[in-house]
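Participant: Here are the chains, one letter per residue:
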Amino acid sequence: MIIEALIAITFVASMAVLLAPNAWAGRLAATLSLLPVVGSLYMWSRFDATGNALTGGTPAFETTVQWLELGGYTLNWHVGVDGIGLPLVVLTTVLTTLAVVSAWASIDDRQSQFYGLMLFMEANLLGVFTALDFFVWFVFWEAVLLPMYFLIGVWGGPRRKYAAIKFFVYTNIASLAMFIGFIALVFGLGDSVSSLDMPAIAGALRAGELGSLYGIPAATLRTVAFVAMFLGFAVKVPIVPFHTWLPDAHVEAPSPVSVMLAGVLLKMGTYALLRFNFTMLPETATQFAAPIALIAVISVIYGAMLALAQQDLKRIVAYSSVSSMGYVILGLIAYTTYGVGGATFQMIAHGLISGLMFMAVGVIYNTTHTRMVGDMSGMADRMPVTTGILVAGAFGYMGLPLMAGFAGEFFIFKGAFESTVHAAMPLFTAVAMFGIVVVAGYLLFAMQRTLFGAFRLETDYEVGPAPISETAPLAVLLVAIIVLGVAPDLFFGMIQNAVDPLLEFGGELS
Amino acid sequence: MVGAFDYAPAIVLLPFLSFLVALAGGKYLPKGGAFGGIAATAGSLVLSAWVFLTVSAGNAYNETLYTWVAGAGEETTRLTFGLLLDPLAAMMLLIVSLVALLVHVFSLGYMNDEGETGLPRYYAGLGLFTASMLGFVVADNLLMAFMFFELVGLCSYLLIGFWFRDSGPPSAAKKAFLVTRFGDYFFLVGVVAVFATFGTAKFAGEGAFPVIAEEALAGSAAEVTTFGFAPETWFTILGLLILGGVIGKSAQFPLHTWLPDAMEGPTPVSALIHAATMVAAGVYLVARMYGFYALSPTALGIIALVGGFTALFAATMGVVKREIKQVLAYSTISQYGYMMLGLGAGGYVAASFHLLTHAFFKALLFLGAGAVIIAMHHDEDMWNMGGLKERMPVTYYTFLSGSLALAGIVPFAGFWSKDEVLYEALVHGLGGSPLLLAGYAMGLVAVFFTGFYTFRMVFLTFHGEPRTEVARDPHGVRWNVKGPLVVLGILAATIGFVNMVPVQDLTGIHLEFLHDWLAHGELSALTAEHYGELLHDYAHYTSADVASYVAGAVSLALALAGAGLAHVLYNVPEPTEHTAKLGAVKDLWYNNYYQDEYQIWIATSVVLPLSRLADKFDQGVVDGVVNGVSSVSLFAGSRIRRIQTGVVSNYAALLTLGLTALLVVFGVLGGWFV
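Protein chains in written order, with our numbering: chain A, 1 to 510; chain B, 511 to 1184.
Bound conformation, chain B alone:
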């Protein structure tokens, strides 16, 4: 059974190769190197599937493959790269490589057919992006994860800023990198601190840091350096430091501001960023080291609250947006909030499930939006659309599938996973962790908003009468656009069936395959089963007895209510804006709660003036002293120079005076006059 694992490094290397090929030879290749990328991601997908099958046979892989720093002797830490392939990683590999492949194909329609220039750069970026994310997914230790996490950030910068000749994209790219960098600062401190605490950063296997942490809390003689804190406190601090990176990358409040701006990038890139790569990286990291987070109820509580709050907060902003991609951007932030809520609430499987379903339906929605944008000649304003349903049926029905999934309407994928996240928050909240109930409440309210903004978007875009000339006669799209849409449309409708807990509870038929998949494995410390024990023993999570179908019915009702309201308001031949009814709230939402304003204010009105002040201080005081010393010596020199007049009689007089003075001094000191 070694076969698949031996080829696993190629999953990462193939897209990297396509990056090199596109970079070096893209301009000589047909389609700017697109086919290389398609071949590479298809190869990754095949290999990922193979790995998936191998893992499902009960195998796992956790090996060091490359020694980055060997370290001298026993005491110094070795820094290594390796592969960790367990059920979670195998699932994520499939998601990433599939979405990446579809995005590559879609790009043929979105970029090549639209006559873009700079395609080699584009495909090189896509290749590197995919490779970085896949490298992150398979990372077997925190340092390697951080390194690929950063490379993911670089790629987002390069691709968001793809249209560098305009002013918007470079600015958005800078913001994306800078805001996530701010989060990554905490992450890096966390990585360094994990090394200092445990002497290792391995995720799994013997002597992995979550294992050591568990032993330390259990009091079984594991040596850890906690810098004077109690181990519980210190582990919580570590968890929160690493969480900084998660909040940045997964666009959680308050570091979510980069994400809506990132819509400046090409739409396929948005699909990749939101569904499978950059934003998913944060949540995946928490899931990857869940054995560590499960030890700290405080960290879990904060994750749940941040997640729940973000879910609601972002959903409200999605309600008033005019551009189709903006709505989707806020929905992404909101949906990742659900995943965080799930993780914080002890729903490891639920969050992973939502990560899975969201990847497909959000990729679908972005690509669908991309198709719409092609049709609309790159106009993204929904108020200029309308009636596209008849004119682009494939796009419409697939987009509808994704929307139903996003809104959480049964039986589409999002319903099952979002419901399970909320269910976990509810049962653990009622089971003695009341903090989680706050997260649950926010998540539940957000369901209504989600249903509303999703169908507002659908109705404005596809229903009613066309509101502009372009919408009356849209630009057609080809197979390379429709193909990926159909694949994802089917997945968005069906992928939720892998885990239908409410149905299982109702009918008694075994239907929770994802639970089974994640619950067991060769690496027992990385299984949902083990996490359950940790949550129970250390975070003191206990489940209350609530029927899952009841909770599911509640959230479904809310989703339908939201969708219904959208139907009433916007599913009319000539919809009008109803946002004015919101009054002052509309301004608040439209301006994103002024989150951008205060962050820009910090940058331009605090940091920049401070740096100018420092510069003035440096020029004036620090350098002033240096120049002052030199002026004093120059001045002194110029004065002393006056003694040297060049007149011989002056020198003679000075000589005589000097000699006399010396004689007097010696006389006094030598006692001649006594």
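One chain only, chain A, in its complex shape:
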């Protein structure tokens, strides 16, 4: 029942904040958002799942309640977490609280709506990462878009409407493709499933029970559905070339919203790829190993090259997310413990690190009112604490050992290099790894120009140390990043446990 409680509390909290006066909505939201944090940490402490929730494992905190019947299919309220879901739940709750606190200093307009929407989004995100029934999952999945649309469209920058609509329409069309693909699979399974229960569907698909549909042979159906779902999720991740909504959304979104967008929302895409494409259709995935690995490599290198060309700090971090997500795809397609597990770990690591980076850039923007690299220099002189954390975070992004990013990337590299899904995987991996040089390039250049040298600022604002409500969340994130980097097994143990069952199929791969 704790998952229901978690989601329900967050919904109620969002409503309460929505009705609260603007003056203390931020404080209330932060306080109330601690409840899901405590709840998720409690779940972590009591976590006892084994295996993968979709392939016959036992998820923790599972509940199944029959909800309604639809066209011969039973729809259940079915939630639970395994070693893949729980880390994302913890990430979501922690990051939401920190994003809310970091928003105190910068959001000065319609606060109750802002914080209400943030919590509303959190509730839906928790649903996405815990739902084990497709219908429930899809409702949450789509419901995440709404608050994000308003958060960008109302509190965003000058081109916020363009960015918000682009985000909404692009991801929504993608959802449609994914939905059609998945439903086609369900219909193709025919009588072997009678519900939209994800474990049941995954089990049937992995057992090879997919039949033909409307005269389309099963093999074709599987391929088409795989591609449709892949495209749908690729937009969300985003994978090159479906990434262009991301920099626009990030640039226009206020910083706390960027934190959520990069930190958690992008993970919806990789999470769904893992849960649907890579769990349910492993043969098809491995059949497409080469092209998928290739676009992963392209995402890494091309994303990093784009980041190198940017002058806007936020765009730099935004494109670097594209690059980092490429690593996740590379890890997923590897089909090794370290590959898929590392990809999952990287979702958490990147969530924390990109959250930190967006937050830190936001702190600088709030003080200087510019994000352009050329508009400032020597910020270290005026904002030493923020600079220190930003430098640490940037090194985390570059994959400095003993920080979470290195762990995630190293697991992926190791898993992908030794993968046997395709003969060229070592080569793909080696090329993708060059991203660690490019990322160092653009972050070091940007830091040198903005943080160091003599102090100079093109805008007329007083620059001083940031308020504690902005630096404290940064510090918390930094500590979390280091802790996970020193002790990755805090999550990686359970992740491996949930990932290992996925690797056994067809009898050939392991």
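Calculated directly from the structure, the hints in this document are not laboratory data. For every residue, glycine included, the Cβ atom is placed at its ideal position computed from N, Cα and C.
A few chain B residues facing chain A, derived, Cβ under 10 angstroms:
| hint | residue |
| --- | --- |
| 1 | G671 |
| 2 | A683 |
| 3 | V701 |
| 4 | S1140 |
Given the coordinates of chain A, assemble chain B onto it according to the supplied hints.
Facilitator: This is chain B only, laid out in the frame that chain A set:
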């Protein structure tokens, strides 16, 4: 005998603790946290000495202490941290902790007495730097080594860029990290590939990867994945990948360009970087996994050639520099070239020996230069100095000791070790590996240049008449500067006595203690003895019979010739520049063979435009398509909207037309008109 090893983790943790203390409370502590650092490194030094004594009693330690990733089940690799304490590590621990301690003490004079701000940050950086390097030294596997290797890189970034308000240091710091990162990319690929090949990255003990590799080459049923290559080829590839990191960190050609720029950092930091930490890390790594490199003659040959070439190449550039620290920077690159030459030539002991002696005399030279720079009110140009000999005798005589060691003049430390490196290259070169002779030749020529630039530096700085007002009345230095100088000055003069092979050959007295030290040990796979067998069996190195004192005499003669030339040209009351006599070569050397230019050109004229092109492509084409699709649908929508005019009669007409059309369609399809 367990005592020392039980406390060994503290060697790493103490400086780390001083990092935390300085970071958190440095501004409330006296001297900005310096004493914490001094206490911590002194503690590390004491413990290192204890470990050294324990190891010399014939013990070794190779244990896993912390499981980073436990791995699920039998098949997945466990990733662990552990300690490997053998003679090599014990020796290196002593070097690092001693130099770190002296650098901390010296910093009191160089930073605190000079009224620097940001001292907590400085001492925090020093602490972390020391801790990272010590962690690297004791690492028992390649992954852990890589992790601390990277942390060393981070610390160099933080300390080189210490004076972040100026424009030079941040740029130099960025360059140092970026260039070494480029090398580390290959290293990381190598680490990942080692895991994929052997399933482990342990350096020593049962199932260590050099052991498995040896078994695989011997054909004794070790399971390795070689990705379709012959094991020999694949192991060479692995070795070369890891070598990428070595070339970056140890500033070997062509990734040496960061090092001269790194002189932007505070001088004590330069001493630490050059003598004991960052730059030493690369060479130490090759020595650490020498059992692996010894299996591949190709990799060894490349190491030797890169080393020999770098030794000569860097030495020539040192000849024309004006700043005292620049001369020292190029000498560092050159000296590490010798170590690489030694390793590549099969001289494991020789290279380790040179690592040892160089650590002390280079730390000494940098700290001496630091004292000079304090005296000169932070002017580093040697042409503004002169005559400092009378005004700062302690600095002069210690600096001279270091210079004699660097130039390789008997009996100072550098002579013995450099000579042994060259000797190894010569005998193995003559013994059937002619490639090494090229390395030897380059190394030998570099001896002349080394002698020349070293004494050019000494004469310009300390001899003759003072050439500026500041040099006439230099700023005094205190005990905290002189103390470390004296300690290192004595070491630079004497440390070479631990291994006097030529004297032994001449007199028959047993004098090669370092050889003995490294040749045996409890971990037999990590001994020089074992490496010798590997070199013989797999790299086919055999020694020709050359008397060591003959080779020593040749290099000594060259060193003296170089020093003598410097004496003639620069040891005069009012020296003048003679570089013009070099003609076009001077420009080439002064501009460092245009190495920086082409690397900057690659960054700014190839990569950056490429990224801008990618950005244009992304904005124009990729996003253009997205916006295009949306415009098409919007346009279509706006056209279709025109149908909805709001005029009822129009709708009625459309309805009628539509109905008619439908009727016709159904009629045709339904066959009504047939």
